[in-house]
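Q: Going down the list, the protein sequences come from chains A and B. Numbering of the first sequence is given in this note's numbering, commencing with residue 153 and proceeding in unit increments. Numbering of the second sequence is given in this note's numbering, commencing with residue 153 and proceeding in unit increments.
If you are wondering where the hints come from, they were derived from the structure by calculation, not from laboratory data. Hints should not be assumed to be uniformly reliable.
For identical chains, the list gives no copy identity; a pair is met inside one copy or between any two copies.
[What the hints assert, rightly or not] In the BS3-like style, the derived pairs of lysine-lysine whose C-alpha atoms are separated by at most 25 Å in a straight line are:
#1 Lys299 to Lys366
#2 Lys310 to Lys401
#3 Lys319 to Lys259
#4 Lys239 to Lys319
#5 Lys319 to Lys401
#6 Lys239 to Lys299
#7 Lys239 to Lys375
Note that this is a predicted model, so its numbers are computed, not measured.
Here are the chains, one letter per residue:
2 protein chains.
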Amino acid sequence: MATNTTLETIHDTTSGSTIPAAPVSVVLSDAYGVDVNRHGYKPNTNNKTFIKNAPQCKRIFGGNDNPAKSKLNLAEVDIIITVLHPKNPFAPTVHFNYRYFETDAPKDAPGAPRQWWFGGGTDLTPAYIFEEDVKHFHSVQKGACDKFDASFYPRFKKWCDDYFYIKHRGERRGLGGIFFDDLNDYDQEMLLSFSTECANSVIPAYIPIIEKRKDTPFTDEHKAWQQLRRGRYVEFNLVYDRGTTFGLKTGGRIESILVSLPLTARWEYDHQPAEGSEEWKLLDACINPKEWIC
Amino acid sequence: MATNTTLETIHDTTSGSTIPAAPVSVVLSDAYGVDVNRHGYKPNTNNKTFIKNAPQCKRIFGGNDNPAKSKLNLAEVDIIITVLHPKNPFAPTVHFNYRYFETDAPKDAPGAPRQWWFGGGTDLTPAYIFEEDVKHFHSVQKGACDKFDASFYPRFKKWCDDYFYIKHRGERRGLGGIFFDDLNDYDQEMLLSFSTECANSVIPAYIPIIEKRKDTPFTDEHKAWQQLRRGRYVEFNLVYDRGTTFGLKTGGRIESILVSLPLTARWEYDHQPAEGSEEWKLLDACINPKEWIC
């Protein structure tokens, strides 16, 4: 598997702020038929492993034609987002999103410094817990963080648990990973390298899990539970996700904004997994976030 | 079919403000096994006709233990809500909700008059249009309205089209019906009679349609389109519905708040029905609300 492909960037850039998309795209394309290309994307492929995937790479700059850009007075946005929803209920969903924003100087102070920040994260949403998988996933995130600052993983792991909180359920949508936003209190080059490292860590964190779980035999009950958890995914995205709710309010392109929703989801009235069951264990870990690496 | 059962009320009440639930409950129970009882409800029944139904009758008064009541300083709430999601893609979903609210006098002015208002509506959400069905449905709503005020149907029909608007899609979730809220500019007894008439009109408006469509043969493609429209139902309820969004923010009982969601729903990336197709006709009517009764 080509995990060490040459670092390419979405575009050349003078500010040095572009997050590389190529390693992710090459591996997913080669191995799984996921079309994460550099200048477009083709979501919703129903391939052997994934029922829906939603890769997006965007570089938007100049002009304020985009409603979201206009609202934030953005001069530049570099962003790579992918959500992969596997078919098999034992194979977890992954979402990652690394982004760089730069605002224009205010109109009444053209000489003022521009604002810039990095944001992003990678998080895992299984329907069933395999502790070794979750530990592996978090270990790779921690490894990426530790190359830059030992405080990053604990800080961004907690931020992830806090961010993906479905308040009305009292549970997280999944088992977390790392998340950060509005990050500009470090050197810009360092944060670009860090974001790049994180994006490059998606493949080694996720693909070994998919390889192990994608063909596990399952029953209709396993599938129904996966679908119910995907209902929670929908609830989080529509009600709480900052990007989604901002996009809905500012009239962005709706198919791009909602592309991360699963193909199908399910809501059962007052579903309560039996205490001690595998479903209950997952729910418990979503309610009470755990430290996966001791 | 017992459409003319004796009018019963949820409780006896001194204020005369209780909306009767019995006719709806008796007919649905007898004919379809939907358990709309007076003092509780059992949603999510997977019966022959409906994949999910969500009947609720509530009468809450005294005390401010309920977070929503506390927020609005409510003294009394009478409410009957039901959502019925049929299995057959040619059989439409119906939702109705009739409610009476009464607030306590402000704490610093215990002698001040209490506020009260009626709200409610009945709306139809098909995946496919049968013009005769939609006309029948709207005619029954108009008939109920016209008994009280000739301005009601046009006013509440438009209010319904405006209310069930999924702004980010530029489309309504369905083909409307009637909707009103914060209504207190008429005599209280008259509004109670009107709400009662509307609630009693659900059965004659909806059940003949269900009878006609519930066993229509269908393909996987019809089912997928129904599921996709149910995705829109989820979007409306989670993002725009006043009751749902208020409930989510005020920490109400989540299973009651989200009980109206369909059992299953679907999101396809950038799905565009072919122009002129049956799916396109439905979408067109959701984008451009029609006058069904000339």
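Q: Just pull the numbers of the violated hints for me, sorted ascending.
A: Violated hints: 1, 3, 4, 6; rest satisfied.
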